[in-house]
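*Asks:* Residue numbers (my numbering), protein chains in the order written: chain A, 1 to 116; chain B, 1 to 218.
Read the hints as simulated data drawn from the structure, not as lab findings.
Hints are not guaranteed to be accurate.
If you want the footprint, here are the derived chain A segments under chain B, 3+ residues with CB under 8 Å [unchecked claim]:
#1 2-12
#2 29-42
#3 88-97
Beta carbons are placed, not taken as given, at the ideal position from N, Cα and C, and that holds for glycine.
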Amino acid sequence: MHELAIAQSLLKIVEQEALPFRGARVTRIKLRIGKLSAVVPDALRFAFEVISQGGIAEGASLEIEEVPLRLRCHQCKEVFVVEGPFLICPHCEGLDVEMVSGRELEIKSMEIEDGN
Amino acid sequence: MEIKVIKNILEANEVIASQNKRLFEDKGVYVVNLMGSPGAGKTTLLEKTVKHLIDKKRIAVIEGDIATSRDAEKIAAHGVPTLQINTGGACHLDGNMVRGGLKEFNFENIDLLFVENVGNLVCPAEFRIGEDDKVMIISATEGDDKPLKYPLMFQVSSLLLLNKVDLLPYIDFDLERFRNDAIRVNPRLEILTISCRTGEGLDNWYRWLEEKINRKRD
Ligand SMILES: Nc1nc2c(ncn2[C@@H]2O[C@H](COP(=O)(O)OP(=O)(O)OP(=O)(O)O)[C@@H](O)[C@H]2O)c(=O)[nH]1
Ligand SMILES: [Mg+2]
Ligand SMILES: [Zn+2]
Chain A
1 MHELAIAQSL
11 LKIVEQEALP
21 FRGARVTRIK
31 LRIGKLSAVV
41 PDALRFAFEV
51 ISQGGIAEGA
61 SLEIEEVPLR
71 LRCHQCKEVF
81 VVEGPFLICP
91 HCEGLDVEMV
101 SGRELEIKSM
111 EIEDGN
Chain B
1 MEIKVIKNIL
11 EANEVIASQN
21 KRLFEDKGVY
31 VVNLMGSPGA
41 GKTTLLEKTV
51 KHLIDKKRIA
61 VIEGDIATSR
71 DAEKIAAHGV
81 PTLQINTGGA
91 CHLDGNMVRG
101 GLKEFNFENI
111 DLLFVENVGN
121 LVCPAEFRIG
131 EDDKVMIISA
141 TEGDDKPLKY
151 PLMFQVSSLL
161 LLNKVDLLPY
171 IDFDLERFRN
181 DAIRVNPRLE
191 ILTISCRTGE
201 GLDNWYRWLE
211 EKINRKRD
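Could you put the whole structure together from the sequences, leaning on the hints where they help?
*Replies:* Have a look at this one:
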């Protein structure tokens, strides 16, 4: 449900970044979303579609890359990709781990086209 | 043409939350963001806690609610400064909504600010408000599988309160499994079992809280 709030923040950033390119249209936005973030991609797309209507990013597609959950195990001194949601070292099964990635909610880039 | 951006989408909220946090640091106010499903017992816990601590600590409460002021009225009846924030349909509080309410309090005279978030097991987890700790309350009747189904909220919380343990004899709730899953989802999570109804375990919660408040004031 909070996808609406996230879509609003995203739209603000997109409009801000597109400001220097007058008359341009944003056609595609690339996002990186961590595996453990609680965002439902389709809900985010839908919310963005609705709130971007009539603006510079109307019709832009959201390309969402899922960032895997990575843990650094302090015992094994190694970084592992794990399925989650358990934060356990897959090698020694220890809990002395630290999350390296998996919570991202990032915009990476956007594609703009000339309005002319 | 592709433009590189590379920004946290929630950056605007992070900035405001950090500003709130700095204000709380300056004034030595310890802030709890209390999260949990509708009906988990957030308001009941706040009422108990306010009653218990009111002679020892100076408390203020922010009640986040989608539309009503029922919870705020309950808390205000205990004689502590209470502010109602209606989110206007939003499923969570964010840094900006909390900031808008801060002028209502005189933080020189406050040790502890409780924020009851909107009843929801997902959305509040993504939005910082400037809190010291996120505390999650879940009732036993919600089921022992919640750490697996809603891991994020367990992961962002410092303390988990399992409430309504007075009802354990009437339901199938595997406490061992729940604990194990919760710890494996967040190895740093502290867990206390409580009943706001019988008072069981509440002393541990009060102790946890007072220690945090005292540490913040030093
Ligand atoms: N049996 C039992 N009932 C409880 C306990 N704690 C709270 N309740 C009851 O659970 C119901 C919901 O409690 P609230 O405190 O209103 O829950 P809440 O989390 O504030 O709910 P929302 O604000 O709607 O999200 C009330 O009827 C409480 O009396 C408990 O420890 N045991
Ligand atoms: Mg309540
Ligand atoms: Zn290991």
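*Asks:* The structure should be examined with respect to each hint, and the outcome stated for every one.
*Replies:* Now the hints, each set against the structure:
| no. | hint | result |
| --- | --- | --- |
| 1 | 2-12 | holds (count 7) |
| 2 | 29-42 | holds (count 5) |
| 3 | 88-97 | holds (count 4) |
Every hint from the earlier list agrees with this structure, and none is contradicted.
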